[in-house]
Amino acid sequence: MADAAAGKPITIAVLAVGGQGGGVLSNWLVALAEANGWRAQNTSVPGVAQRTGATVYYIEMLPEGDREPVLALMPGPGEVDVCVAAELMEAGRAIQRGLVTPDRTLLIASSHRAYAVSEKSAPGDGTADASAVLALVKSMARRFVHADMASIAHQTGSVISAALFGAIAGAGALPFPRQAFETTIERGGVGVAASLAAFAAGFDAVNADYEPSPESPRYTPRRRLHGGCDTERRRYEAACERLRTEFPDAVHAMLQRGLNAVVDFQDAAYGDEYLDSIARLAVADADDKGWALTVNGAKYLARAMAYDDVIRVAELKTRGSRMTRVRNEVGAARTQIMHITEFMHPRLEEVCGTLPARLGELIEGSKFVAPVLRRLVDGGRRVRTDTLFRFALMSLLAGMRRWRRGSLRYRREHQRIHEWLDLVCTKASDDYELAVEILKCQRLLKGYSDTHDRSSDKYTKILSVLDQLDAGAADCIHRLREAALEDEAGEALDELLATLARREDPAPKATA
Amino acid sequence: MAERSFTREVEQLRLGEGEEFRGEGILAITKALLQCGVGYVGGYQGAPISHLMDVLADARPVLDELGVHFESSASEAAAAAMLAASVHYPIRGAATWKSTVGTNVASDALANLSSGGVKGGTLIVVGEDYGEGSSIMQERSHAFAMKSQIWLLDPRPNLTSIVAAVEHGFELSEASNTPVMLEVRIRACHVHGRFVAKDNQPPAMTVAQALENPRRDLNRIVLPPAAFAQEQEKVERRWPAAIRFISQRQLNEVFPGNIDDIGIILQGGMYNAVIRALERLDLADMFGDTRVPLYVLNVTYPLVDEEVVDFCRDKRAVLMVEEGQPDYLEQAVNAILRKHRVQAEVQGKNLLPKAGEYTAAAMRDGVSAFMQSVLPNKGRSPAKTHAHESSAQAVQLLKDIVPQRPAGFCTGCPERPIFSAVKLMQRTLGEHHIACDIGCHLFSIMPPFNIGATTMGYGLGAASASALNVQSTRRSISIMGDGGFWHNGLTSGIGNAVFNESDDVIMIVDNYYSAATGGQDVLSSRADNANRSTRHPIEDAVRGVGVKWVKRIDRTYSVAQMRDTLTEALTTRAKGPKVIIASSECMLNRQRREKPLVRKALDEGRRVVSEKFGVDEDVCTGDHACIRLSGCPSLTVKHLSDPLRDDPVAHIDESCVACGNCGEVAEAAVLCPSFYRADVVHNPGRWERLLASWRQRIIERLQQRRARRWLHLDAELESSG
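Protein chains in written order, with our numbering: chain B, 5 to 516; chain C, 12 to 732.
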């Protein structure tokens, strides 16, 4: 920390995302220094950058003396003693800017992620590799302490800046006692109790040999299904037993998840069908291949069979466990009154998909009924699922599950699933990797309405080039799939497809 | 400024002789104005000088006591024109704005002001928004000073020097009958420091006294033949007077050093960075004691030839540290030395960056390169160590990982749904030429919206689409904020479109404030303002200049309505400009106003409904179409621990303010049924409680019945890790 004794200031850079309270933190640091007989200067470039952009605050402090020091207004690369990053990627940015150097800098970072728009908006998973940044950051700082300050702030009902202030104290970054930090918060006079709690938690988080806490608790499915009548339960147990005896150990975990998902979607019989299909894949699979075909089959077939239709949505929205999750998410106690409004936009397609297949097709194809019905059905609907009438309506819709197998949507989905699995099985014998890749293309199929149409379009495009591929087909499909997940309109995919069509090597653009 | 209070800052303005002021640079300037007996102040808000305006707007009692008049001007041109009060009357006046954009707008009035000259001291405080994080084009105010002959001060960036510059500025202005510009960079405006205060001075003559004793002097009015005489007077009388004042009062500073055959000439604002660079080379210390002589130009225009010559006479080489381009100072110093046959070699932009901000690194490298060239054994560049190499490697690796984080709309911003609607409209009607303006709404050009082709200046959104006013199958859309509308957009945009019979679409984004500059009130603001006249509807003004097709949307969050109105405007057969006024209150200011009220209501046990949006993670398929139509900071993604899922699902975090945009977008764009809004009722009444518990009991009964019938996955809280 301290060149301060030698008449040199302690230099502190705070990197924050607009709205995180970086200004509050740097003001606290100045107040802390001044209250303890130090001279401090801070500055920043707020303005529009403050609106959700990345902002740097810079502070210099040194003991009060007879003469006025000349302090810098911006951090110099390699000249920062303490760097505070209010978010993990901002810690990475600090290194890019040269504000963290191994000879000098104590880096204090919050390890949580606040995703940038570019990370969030990718149709697939566009989030940056946090572990890579953590590893790099570790090697670049003289000392590196970190904790999830966002969850500390959340738990204490405070803000990240208070937790970081605690971490600065806890890491011993400045030559002031803990008491002096706390006095600074108290003198600020706003939300003192919560700030002090966050301060204490931030202090402890970096002070002890602290392992970053696991991510905040969340709801995850249990291993086993609940409820159901006796026959259903027996049938489900039998399916579980079959799973254990008929399939290799390596696939049990995924297969059990898949089985649970499809039974949850429909019923135990549906689970049996699921296992039948997986068995087809397992036959073509082998131990030395790592059971990739079966595991991926278990995963993606479950996703495909448990598709999202009106019945499913109605059912998910009216479950008891869902209400509990919502209460947990908005911080409402069980005893508190909570209203829930759902935002829905049903279309004629959804209605027809739920109807018996023949009737649904008839209506869809009708020149007279369809437009009239469309006008009746299509439109934004806000549904209060906490009121009796709406809840009952949604429950009724959910109850249509028993007739789902006869629905138009069911027929269409299963027709596609059959074609897809047939394709996989045909390819599996001569190109195992390719078969696995085809399975994984299920990942593309998501969204509702237009979004779903676009994703189906991408899916079809990729599978349609299969015939033109020979050697390296698996790799090709893999790259095409990654490209399809890059942007919404499928521009990256089309570009790659065009390259393929020209018979050029598609490698260069591939999986950026 | 309805939603923020600056009481604490106003108290600082009352400090008296000998008391210590501690605070931001821009507040120090505000205090200095009062210490100098300023008679009136005007300006237009914008970073980094908004604070000056905001504090003075709240300082009515202090100003009234002193007899100082303050105005929030309609534009920088209005603020500059206000300085006319110092032309005939010995009243000190000040105006302030963001530069160079504000100076551009003000330049007509500035040219007239400086031609006629002033009697009372006239100070223009320009906040330079130059360099990292700037929201405007990169240009120098220096050019304006030169072209209109306005003296330019650029003090060292500490509060004592900046406050002294305000005092010197008024005196210099009076001594030379010339307006003076005080240039303060953004970091100096926001720097926290201290200075010893003086008592505030009431103006020698108040504007009220001037009003009661009107004066005029034909020689000061810009009209031939006086205008020709003024041009001569500028160079023959005012310039020499200024030079005399600057050198007699030693406004520029020389810091001697023992390596006296070299030296550095620098703009005052560069001083701290130069000292830090010298310190790194062991050529200076923390307190500014330097071994290399420095000539600090606290006045960067005009240069005092004698001072430059004196400083350079016995030197081999000097370094000119001048931020920005063109290199006016370097050229001037070269010319002066040549004229006076001084041999010192002038270095500058050959070693320092030709353009852009002089960052700490740029300064260190430049100064060190200069030292290396003149003192090969002294000036060493910091050794390239092993650490440097590994850091270069890390930087390279990080470049591919760390995402860009451009500024964007705040959580709950009412402008977001407007651009969601534009995006949705373009899905059906195709891409359009969209002209943007200055203001928060300009964030639409960033992802995820990627909307907008140009931005030509504040309030000029509509005007910048006027060339496209021709018969075509597609209409152009231009966007303008309420701030820009009142700044000049009403005439340059709307009036212009009416007069030239434009058929295009103009969208006015009305968020009740000049939001991008800090939430100041404008004419159409809805809040009651004790000192300003507000609540003048934009619609009245638009209709007043002759627009027939006007649609007002009072809730921008109605995405479908926004989209349909826009579609109608683009397709209607109606002639003339189509104006849509999209109004909803700036969420930042709304939260500022409402949060304390909610807290108070909760404390008092009154009924409060708190709203929050959420995403059903089971229903969300992880496609993120909603995010591509929103970009809201609170709408983010979350990885599930379910191995069946590859992609993270959408997730709404605690910062959600329940503006409703996600739900509306999901509905309007037919995205998915994942969104819900949960309203939690605090302190409900007895009947409400009864009804709710009755409802809940029946619903739970139904849920249990279904659970018994069907096998189901039950969720449980578990830690994934």
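Among the clues, some could well be false.
Quick list of in silico lysine to any residue cross-link-like pairs, SDA-like style, CA-CA up to 20 Å [what the hints assert, rightly or not]:
id, chain 1, residue 1, chain 2, residue 2
1, B, Lys371, B, Arg385
2, C, Lys410, B, Ala478
3, C, Lys649, B, Leu504
4, C, Lys611, B, Lys371
5, C, Lys130, C, Glu247
6, C, Lys360, C, Asp338
7, C, Lys649, B, Ala132
8, C, Lys350, C, Glu442
9, B, Lys293, B, Ala478
10, C, Lys606, B, Gly193
11, C, Lys410, B, Pro81
12, C, Lys562, C, Gly587
In case anyone wonders, no lab produced these hints; they're calculated from the structure. Just so you know, these numbers come straight off a predicted model, no measurement behind them.
Would you pick out the hints that fail for this structure and give their numbers low to high?
1, 2, 3, 4, 8
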